[in-house]
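Undergrad: Using the sequences and the hints given, assemble the complete structure.
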Amino acid sequence: MEKVNRRIRTRFAPSPTGPLHIGGVRTALYSFLFAKKHGGNFILRIEDTDRNRFVPGAEEYIVESLNWCGIMPDESIIKGGFFAPYRQSERKEIYQRYAEQLIADGHAYYAFDTAEELEALRMKTEREKRVFSYDASVRMNLRNSLCLPPAETEKMLKENVPHVIRLKVPAGETITFTDLVRGEVSFNSDLVDDKVLIKSDGMPTYHLAHLADDIEMQITHAIRGEEWLPSAPAHILIYRFLNKENEMPQYAHLPLLLKPEGNGKLSKRDGDRLGFPVFPLQWKDPKSGEISMGYREQGYYPEAFINMLALLGWNPGTDQEIFTMEDLIRHFSFEHVHKSGARFDPEKAKWFNAQWLHRKPVNELAASLKNQVEKQGWFNAAFDERYFLKAAELLRPRVYFDHEMAESGKYLFCKPTGYDEKVITKKWREPLRSFFQVLADETLANIESFTAEQVEQTFKSLAEKHQQKTGDVMPLLRVFITGAGSGVDLFPMLELLGKTEVIERIRTAIIKI
RNA sequence: GGCCCGUUCGUCUAGGGGUCUAGGACAUCUCCCUUUCACGGAGGAAACACGGGUUCGAUUCCCGUACGGGCUACCA
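The first sequence begins at 16 in our numbering and counts up by one.
Honestly, the hints are just simulated from the structure, not real lab data.
For each residue, glycine too, the CB sits at the ideal point set by N, CA and C.
Any given hint might turn out to be false.
[Unchecked claim] Keeping only pairs whose Cα atoms sit at most 25 Å apart, straight-line, the calculated BS3-like set for lysine-lysine is: (1) Lys441 to Lys405; (2) Lys514 to Lys480; (3) Lys527 to Lys430; (4) Lys442 to Lys425; (5) Lys441 to Lys527; (6) Lys475 to Lys442; (7) Lys170 to Lys214; (8) Lys390 to Lys405.
[Stated by the list, open to error] Cβ-Cβ distance ranges computed for the label pairs, FRET-style: (9) Ser423 to Arg22: 47 to 55 Å; (10) Gly290 to Glu389: 51 to 59 Å; (11) Glu105 to Glu400: 45 to 53 Å; (12) Ile439 to Thr339: 41 to 49 Å; (13) Gly314 to Glu131: 49 to 57 Å; (14) Glu276 to Trp443: 51 to 59 Å; (15) Glu400 to Gln297: 27 to 35 Å; (16) Glu75 to Gly392: 32 to 40 Å; (17) Glu400 to Ser423: 44 to 52 Å; (18) Arg22 to Glu276: 42 to 50 Å; (19) Glu389 to Gln297: 19 to 27 Å.
TA: The following block contains the structure:
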């Protein structure tokens, strides 16, 4: 009610335990789109409360990935902001304060059970074919401030006996909330365990930390993966116990990204196995040195990557498929977020990239092509700006990726080094030698304006004069010029190469053949 | 196992009681364009998981079943 007029604030809160998975990027994207659509702020917060799982470089990776995608946080560890710091490890006192309030109000308690004790209990219940749950049914038989004499609790706290703080989940309640994607969802509190809020190392768990920060940072919409749905009731309870239910963000649980084939959610392994990236950027594991490929390094445009990701679980309700970030911002809404998991399709990802490639301004492609040609060492002074422009135009519809242009159009920059045997065997006959001789030395040599149209016309009339079918003689011409049986449109290519080069290549070919 | 969430062409999805002979896109197939391979264009094959209700009518609502997914840590 009062949140209706609050400024929209969303956050993406990954933990720096490794590279950001494309599922995570999608969560960030949706959070960003939603905030921007409503003129709000998008915040990047780092949830580094687990010291054991911290991976060096992961934080930088996250920042760089979002940056590459164009998902720009308004507040972050880099940018700062009114609610700084944005790294949870730097906000420890806040969580302590929340935990203490919960204890003071009787909604949380100290627990002294050791990891070993709990492990033993788990083993025991497992043998009885049940699952151990630290909850109302057993908590009074364990070692915590609820059942221990107050004096003993106090003594242990004073002596710094390792302990955690747990949420005291009431029994027999139905917890209901409205999810932006799924509608009304309800849980029985009997099945919610007494979640650890503060770990024995003094760090908060996700459950407390994300929630405290969402309150502190005035987050209005908490968008996260479906894997969080089962712990949502615990989170609702904490808001309630804190008397902050009216400040609780709206939760949206996104469907998961599934493997292209087989069962389960998309994982790092799938990428390696099926040969497509599952990470936006290349990642080198600092421990093993193992390298995982990234969309950026594979040659994907960030626009295409984002476009593809946005449509995996969301749709505009129309037939439009190609979206700029601005389009996405304009059209995004949770009503059109699908409820079930989406199987990732690497083929369609490529298609999206081709679509974006086909829409790029040619001069951009030309510049990139020039770069590739230089890198290959194929450059020479005859290739001016116009040349690259034309070449890019010819090459563009034949590739999925920008970086494929030079290689697939090598013959536009280098003379052929051999001739496709298949075409030669099929089409070459000795009498044709004189035809090509005349073509090179007379017909082409005499053309004053060497345009595609002119060349095509004179070539075809020469063929007719020699009683040759164009279908026989054109493939040969192509092979003589490019060395290959297929490639870009023949006559525009001849125009591009220019009279001298074309004549020279034909002469060379009929000598070598 | 328990709990929660889900289930429309192979894949991403539209639709949400009658307009559904279920629409689009990727992939696939055919044809057209073309010297070729693409691009582009035209067309084809291809789906409402199953069983019960509710209803005059169910792909759409309800309940079961099956299947899929997630969670079940002092990880997020």
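Undergrad: Next step is simple, just say for each hint if it's right about the structure.
TA: Outcome of the hint check:
Restraint check: the Cα-Cα separation between Lys441 and Lys405 comes to about 31 Å, which exceeds 25 Å; the hinted pair is violated. The straight-line distance between the Cα atoms of Lys514 and Lys480 is roughly 22 Å, inside the 25 Å bound, and the hint therefore holds. Between Lys527 and Lys430 the CA atoms are separated by roughly 13 Å; this keeps the pair inside 25 Å, and the hint holds. A distance of roughly 23 Å separates the Cα atoms of Lys442 and Lys425; the hinted pair therefore holds under the 25 Å criterion.
As the CA atoms of Lys441 and Lys527 are separated by approximately 17 Å, the hinted pair is consistent with the 25 Å bound. For the hint pairing Lys475 with Lys442, the CA-to-CA distance comes to about 17 Å; that is within 25 Å, so the pair holds. With a C-alpha separation of about 19 Å, the suggested pair Lys170 and Lys214 falls inside the 25 Å cut-off, and the hint holds. Distance hint between Lys390 and Lys405 is fulfilled; the C-alpha atoms sit about 19 Å from each other, no more than 25 Å.
Checking the proposed 47 to 55 Å range against Ser423 and Arg22 shows it holds: the Cβ atoms sit about 50 Å from each other. About 29 Å separates the C-beta atoms of Gly290 and Glu389, a value inconsistent with the hinted range of 51 to 59 Å. For the pair Glu105 and Glu400, the beta carbons lie near 52 Å from each other, so the given range of 45 to 53 Å is met. The supplied range of 41 to 49 Å is met by Ile439 and Thr339, whose beta-carbon atoms lie about 47 Å from each other.
Judged by the Cβ atoms, the range 49 to 57 Å given for Gly314 and Glu131 holds: they are separated by roughly 52 Å. With their beta carbons about 45 Å apart, Glu276 and Trp443 fall outside the hinted range of 51 to 59 Å. About 32 Å separates the C-beta atoms of Glu400 and Gln297, a value consistent with the hinted range of 27 to 35 Å. A hinted range of 32 to 40 Å holds for the C-beta pair Glu75 and Gly392, which are about 34 Å apart.
Hint check: Glu400 to Ser423, Cβ distance near 21 Å, so the stated range 44 to 52 Å is violated. Taking the beta carbon of each, Arg22 and Glu276 are about 44 Å apart, inside 42 to 50 Å as hinted. A hinted range of 19 to 27 Å holds for the C-beta pair Glu389 and Gln297, which are about 23 Å apart.
Of the numbered hints listed earlier, those contradicted by the structure are 1, 10, 14, 17.
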